[in-house]
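From these two lone chains plus the hints, build me the complex, please.
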Amino acid sequence: MARRRSGAGEPPATPGPTRTPRRTVHPGAWWLWALGCGTAASRTTNPLLLGLLVAVAGYVVATHRTDAPWARSYAAFVRLALAVLTVRLLFAVLLGSPIPGTHTLLTLPEVPLPDWAQGVRLGGRVTAEGVLFALYDGLKLATLLICVGAANALANPARLLKSLPGALYEAGVAVVVAMTFAPHLVADVRRLRAARRLRGRPDRGLRGLAQVALPVLEGALERSVALAAAMDARGYGRTAAVAPAVRRTTAALTLGGLLGVCAGTYGVLTAEGGAFGLPVLLAGLAAALAGLWLGGRRSPRTRYRPDVWDLRAWLVAGSGIAVAALMAAYAALDPAALHPGVVPLTAPGLPLWPAAAVLLGLLPAFAVPQPLRNPPLKEPA
Amino acid sequence: MIRFEDVSVTYDGAAAPTVTGVDFEVPEGELVLLVGPSGVGKSTVLGAVSGLVPHFTGGTLRGRVTVAGRDTRTHKPRELADVVGTVGQDPLSHFVTDTVEEELAYGMESLGLAPDVMRRRVEETLDLLGLADLRDRPIATLSGGQRQRVAIGSVLTPHPRVLVLDEPTSALDPAAAEEVLAVLQRLVHDLGTTVLMAEHRLERVVQYADRVALLPAPGAPPLLGTPAEVMAVSPVFPPVVGLGRLADWAPLPLTVRDARRRAGALRDRLSTVVPDEAPGAQDGPPGASGTAPSPPPAGPPAPVRRPGFLRRRRALPRPAAPAPGAPAALAGSLTVRRGRVEALRRVDLTVARGETVALMGRNGAGKSTLLGTLVGLVAPTAGTVRAGGADPHRTAPRDLVRRVGLVPQEPRDLLYADTVAAECAAADEDAGAAPGTCRALVTGLLPGVDDDTHPRDLSEGQRLALALAVVLTARPPLLLLDEPTRGLDYAAKSRLVAVLRALAAEGHAIVLATHDVELAAELAHRVVILADGEVVADGPTAEVVVASPSFAPQVTKVLAPQRWLTVAQVRRALEDERAGEPHV
Chain A
2 MARRRSGAGE PPATPGPTRT PRRTVHPGAW WLWALGCGTA ASRTTNPLLL GLLVAVAGYV
62 VATHRTDAPW ARSYAAFVRL ALAVLTVRLL FAVLLGSPIP GTHTLLTLPE VPLPDWAQGV
122 RLGGRVTAEG VLFALYDGLK LATLLICVGA ANALANPARL LKSLPGALYE AGVAVVVAMT
182 FAPHLVADVR RLRAARRLRG RPDRGLRGLA QVALPVLEGA LERSVALAAA MDARGYGRTA
242 AVAPAVRRTT AALTLGGLLG VCAGTYGVLT AEGGAFGLPV LLAGLAAALA GLWLGGRRSP
302 RTRYRPDVWD LRAWLVAGSG IAVAALMAAY AALDPAALHP GVVPLTAPGL PLWPAAAVLL
362 GLLPAFAVPQ PLRNPPLKEP A
Chain B
96 MIRFEDVSVT YDGAAAPTVT GVDFEVPEGE LVLLVGPSGV GKSTVLGAVS GLVPHFTGGT
156 LRGRVTVAGR DTRTHKPREL ADVVGTVGQD PLSHFVTDTV EEELAYGMES LGLAPDVMRR
216 RVEETLDLLG LADLRDRPIA TLSGGQRQRV AIGSVLTPHP RVLVLDEPTS ALDPAAAEEV
276 LAVLQRLVHD LGTTVLMAEH RLERVVQYAD RVALLPAPGA PPLLGTPAEV MAVSPVFPPV
336 VGLGRLADWA PLPLTVRDAR RRAGALRDRL STVVPDEAPG AQDGPPGASG TAPSPPPAGP
396 PAPVRRPGFL RRRRALPRPA APAPGAPAAL AGSLTVRRGR VEALRRVDLT VARGETVALM
456 GRNGAGKSTL LGTLVGLVAP TAGTVRAGGA DPHRTAPRDL VRRVGLVPQE PRDLLYADTV
516 AAECAAADED AGAAPGTCRA LVTGLLPGVD DDTHPRDLSE GQRLALALAV VLTARPPLLL
576 LDEPTRGLDY AAKSRLVAVL RALAAEGHAI VLATHDVELA AELAHRVVIL ADGEVVADGP
636 TAEVVVASPS FAPQVTKVLA PQRWLTVAQV RRALEDERAG EPHV
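Respectively, the protein sequence lines represent chains A and B. Take the first sequence: its position 90, counting from 1, is numbered 91 in our numbering, and each next residue is one higher. Take the second sequence: its position 265, counting from 1, is numbered 360 in our numbering, and each next residue is one higher.
Isolated chain B (complex conformation) (with noise of 0.2 Å):
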């Protein structure tokens, strides 16, 4: 159906290709899925299927894509429209018209299709999407998940025989996510359509295909496989394919259904070890538990003490000692309307210096508005709101950021300058930090990118490693992330994960909110659960994890009822018991 003949991409004033060597078929009927670390040109390869690329980005294909027999290079992508669906990795930049409805006819209407058709094709495109009931709403008011369907939707209604998806469930909640996966999984089995799709969530999508195609490395050609193959060698995997890595198990498993048949070993071999507490929470947050805001003890020992702390010490830095007194981050009874809407309701949240939050939820929970009311964006309805001892809504600016930082979704917000340099500069001026200070930590968190560099030029990682590194010159003991994952790959993940750890051991409170599972389990002492503007659940991470279906990581699941958090874990656990280490 899809059939890339030796293809190669060079952008116009790029020295190298940006893929090479792309030779390979999707047949009718299959979903395939395109892996890869980030800026390895997943999107270039998904745009030259509906000839966006070269048509619309300029630069050079050499080879031929051909889709259902239309070679690209005589087919614009207008006259590819009724073959091939793109939705691309932001839906809202997708959107034409206002209304759901509309939407979902607009690509028939350009088609140009019989009008009884357009209407029975758009109502059963409503019920197959489950947007029956949204169907007059105006976009602008859905949520993150349902736009991604009604994106899918819009592109579906033309009955293409090819889709193609950049990151469909990148920027939704898990629950969000399984519901557009089970769409596809309904589109590839019932309607035979063929999927070409590029995702950094591992651990939501590969289950669902039917080969992987990789893309190792830059320019480098990719590799055809099926998933536990193509798992087995790559770079990038989610953390099932790490623990059966971990464990030497073949083939390796893919589900976690897979997984926990063949886990049976493992489990009775780690049943004597209790699991240390979540990774880099070994030292135990100091005075930080539940949600009364009740003074906190004098620093360590930590109130509550479980059998896997006193088990052994970690060689991780120890946090400092926390100052005695006043919570990093204090909310409470907080209120705030927006509106007729409610978007925080009676929120009471206390954050303690040195410890980890992960605030999680569906989208539109609250998450961001309540980062929003710590950082001064949003004025509280009613309710307290504390950080760093200070109102934050009613505190200047520049006063503000040496009490708290935060690092908003989209990082590149934060950044004005032409070059690193320039906005390194402006940083120590806006916070009155001695010249070089935010150079310095640039050079901590991003070796080898220069001066000259356009922050627009730097990948999405790296990017947020220079917003994070503007946020932390003004040292502020309360730091703040809004969706940090998005658009990262497992390794800019681990990068960061090893950022903010230590962070926290300097005794930065940390507060992050995500749709991550596996970056809340990595990296959390506390997990606090948001629904419909109210806490639901506030506890540490593996108790609160564990008890969910949506929000427990895959290792919770494979392992469960042992309380395992992440792949390092098991790991660490391993190489104790190789080593004949005596446990407590």
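Here chain A stands alone, though its shape is the one from the complex (with noise of 0.2 Å):
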């Protein structure tokens, strides 16, 4: 390791608040050119297309992903999207599936039903069509999920909770110290597996992992007191002093508008609500943002370096948001080609623009600079 003395001889650091760019962005831009690239996900089944998004948000990801531990999630999200392909695929296989193929790849041994389990099949005739269509169904779905890691892995979750609203913060911390606490049972975890060989135990297994279960729930409890204490001595959880006629309006404004937001939602579903479902929606969405900003007063906290909405933040979002509403779009105009038929087993093609627009993904990999990488950093033994 790398340890550097804090001695004399050093420079000295930019002093006093010289505004050095940050090299982030706004981890809701990161967000938005996710979805988006989700989105356009959902909107095709063209395995070709879907693999263009996979590897566009794997080069982004690539490219642009730091040292930092949530980073290390977007291979969990990959992992994740194999395994639900692979189940899409096995169902298909076991189960059969709805689609009239007539190129048979196997016979399985099917096993006799029940009547009143009519309409359910468990094995029988595999077909290539049903298998392809289950392949590119499933591959829907996983890139989903990718666009998904992706996001974990470039946005801090920590810093999407800045943005929220000063009156939310104190959910947000509540939210982020929970997604601390999976990363640390899990060491905890493997820990004392650790200590139950030391004991001359097996430290694999199923009744290895019940028996440190009850201590590492206890060690889960208390380091959370022990957080719980070091954050009410750092402060958290003060609050400033607030005229009573505010609080009152607060609790009016975010209870009317919830009250609002549900009967508009109401009526805007159905049908004999038309004419004033949308008014009171949007009204009491007013009323409850308006409760929520009065009741950001009530907390004194200030935000250190919040992320601005800058033009690359601009950029990340806007290439999502293109890349999605370009794919709905030919959607719209040649559902034919996004969706490539199995009956009869043809070849998909590449649709030239919407393949075009998935590229348009891509920007971020250039306009958001890279981040520096650290040293080979210790890892927790």
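Treat the hints with caution; some may be incorrect.
Label pairs and their computed distance ranges (CB to CB) [what the hints assert, rightly or not]:
(1) W294(A) with D547(B): 33 to 43 Å
(2) A270(B) with Y60(A): 35 to 45 Å
(3) A244(A) with H284(B): 43 to 53 Å
(4) G434(B) with P245(A): 50 to 60 Å
(5) L96(A) with D546(B): 57 to 67 Å
With a straight-line cut-off of 20 Å between C-alpha atoms, the simulated EDC-like cross-links for lysine to aspartate or glutamate are [as the list claims (entries may be wrong)]:
(6) K588(B) with E505(B)
(7) K652(B) with D363(B)
(8) K652(B) with D343(B)
(9) K163(A) with D231(B)
(10) K652(B) with D211(B)
(11) K163(A) with D308(A)
(12) K171(B) with D335(A)
(13) K652(B) with E273(B)
(14) K163(A) with E196(B)
(15) K588(B) with E555(B)
(16) K163(A) with D335(A)
(17) K163(A) with D211(B)
Bear in mind the hints are in silico, worked out from the structure with no lab data behind them. We put the beta carbon where it would ideally sit given N, CA and C, even for glycine.
Written as structure tokens, this is what we have:
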């Protein structure tokens, strides 16, 4: 470990509040970009387009993710996507598929089922058409998951929560703390299973896991109490004095606003209330937002270097939205190209314009400067 | 600045108050050190300053604590956050955010400081603590010393007038501890910050204190005075004070520098005596020297004899005759890679039976990894490792416990059961030992511990002893300990030293990873220093330790160029001299 000594001789860092530009983009922009790509994926089952989307997301992640712990979640999402794909294929093989097919790949022994299970099939003929349909379908879901994983890897979840209105901040902190909890739990389980080995007990298997569960939970509880104490001692939950009138107005606005939102939504969704639905919904929304804004006055918190929504953020978010919009537009124009048929079996073609639209998603890879990589870091033992 | 007025604290369900009669004042700009054996309520006194006791811990606080004129009775911890900054024993449980810069800003955000003020203070603090290069790093990737500095920085940014620290240097290597203490001194001298700090490793901190508050025993009122006054009567004291008491120096020296200036006469007296080997090593480790995996000679005589060895036999038990042949542990060109990091690089190490080896080096140098490979928790990437004649990572756990045992950094990890008795029964079963084996060991190590005690209610030192007994139940010939003295006071440490010395004399090979130079000096035949996963020094304790400024114990520094390691060594030499025993 390169330990830097705090000593003389080091050039002092920039003193005072100089405005060094951050090398990061607003996390909301990354989420919009990823959701845009995901929306585009949900509009098509063309494996070539989906593959292109995965490649685009993967390239941006590869160039722009940091060494931070949350960035490692990308690999987990990719694994999850593969698992989803596998499960989808397995189901298509075992349970059959409603797609009528003529190309039989293999025939599994069919399990005879009682009458009440009519319509469910176990085993039997597996057709190429059915498997291909399942593959396209599973690929769509997998691409969606990979896009969400990309957002997770690129945007720091804690910084996203910083952009919440002040009144929601404390709830946000609770969420962040909960999210950092999971990695700690995993580390604890690992440590305690290692300790089982030291006692001469097998460190694998379900029984081993069950026996460490109690100590792990105990440790987690102790840690959360310690963290709560530390947060309290550092001023978490300080409130500013607010006039009672303001407090009552806040409560009235928030509650009334939420009621309005509920009633409005009901109106919009049911046939009878078409006339009053939308106005009530909008009024309720406005009241609730005003309540949140007013509620923020109770919290004296300020924000340290909040993320600014700058030109880069516009570019990143815009590219994602453009991918989604262009794909949706093309889907309306030429649905057949985006949903290649499986009956009869044909090789899917690559429609040119949607492919060009997907490549727009690469814009962040060039518009955003790459993060500085840290030297190899200490791995927790 | 901090004022205790006849304070006593009783926790819920406790029969007697944890602390009583605490009545003193800490003036502005002073650094006051809180010392005392384990379990006397140091953390309770510290917690009372920030208001966490009793607002967070529960219990009853009698008397009054005021900080900067604010009564903690009426002010909750969060309302004291702008005047008191608190860092607990474990910095990891202190962090709320995930990167260094955010962490430094967190406290100021809670207090609602203006954005430009926050920005300026974060930059200042990054420079003050030498953290500028780490500003964007995720906290999870920092080393121990860096974490401790970030934790201190995170409470400094709101410019508190009082800083409360619980064992800030206990988990740190000597160099990192010096970094942290240098920062504290700068805060006290340059910014007039008031610091109240508890610490077991007095040899590191006592010279920085303006005054010392001693809690002599549980429930006893504290004793306040200058460091020299308090050290003269304290039951806990650093080796330099021990040497001063031995030589009747008055006033007592607190720093190596002071002691050296007075040590002329003592050095003259000792110049005719050659120090015996490191205590516990008088009989010389059988067949142990160097890193080359050469076959050890068949028992004593040891290959390298020093003049001191011939001088006199000590009345300590001699090691059992070692089995000829295989060493207790052997690593050859051992390399361990974790991701992109090479945790160990071509490490060669041989540990003979009956030998005690101390592994030293910075936080993150690879000490724990080396212990992990010896016990099979970590598989080597390349090279060989043998422990007790087996490949540790390929041996079934049940078989391995009879060959090698590890007491981990957190002894609690080893303990599962609700009572000491259940723990012992489980240990007997795991090890296939006769029922009662573990309990007998516990009784030997920890007299007076009840069968029904919950392991969680034991003190740090008692828990260590219980874990040690559990590991020893299988009678492994190779015993590994990871940071055994973290959180132990001097009394618990000297009990541990006695136990380990007896085990070594019975023929157990012991390897301990430690930052505690005084422990290594007391116990180890050999010291191996690791840096960045490589062995940079390996040799007899006296040679390695004397040559290194950061790993030398205080006695060595005071009496250099003579090679004394511990106060006990010097005391024995002086006693012999008085007795007129002839030296060979």
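For each hint, the structure was consulted:
1. W294(A) with D547(B): 33 to 43 Å: Cβ of W294(A) to Cβ of D547(B): about 58 Å, so the range 33 to 43 Å is violated.
2. A270(B) with Y60(A): 35 to 45 Å: holds, 43 Å
3. A244(A) with H284(B): 43 to 53 Å: Since A244(A) and H284(B) have Cβ atoms about 45 Å apart, the given range 43 to 53 Å holds.
4. G434(B) with P245(A): 50 to 60 Å: holds, 57 Å
5. L96(A) with D546(B): 57 to 67 Å: For L96(A) and D546(B) the Cβ distance comes to about 58 Å; the hint holds.
6. K588(B) with E505(B): Holds, because 16 Å separates the two Cα atoms, which is no more than 20 Å.
7. K652(B) with D363(B): holds, 16 Å
8. K652(B) with D343(B): holds, 19 Å
9. K163(A) with D231(B): Holds, at about 17 Å.
10. K652(B) with D211(B): Roughly 48 Å between the alpha carbons, so the hint for K652(B) and D211(B) is violated.
11. K163(A) with D308(A): holds, 8 Å
12. K171(B) with D335(A): violated, 66 Å
13. K652(B) with E273(B): Cα-Cα ~16 Å, so holds.
14. K163(A) with E196(B): holds, 14 Å
15. K588(B) with E555(B): holds, 11 Å
16. K163(A) with D335(A): Roughly 42 Å between the alpha carbons, so the hint for K163(A) and D335(A) is violated.
17. K163(A) with D211(B): holds, 18 Å
Consistency with the previously given hints fails for numbers 1, 10, 12 and 16, ordered from lowest to highest.
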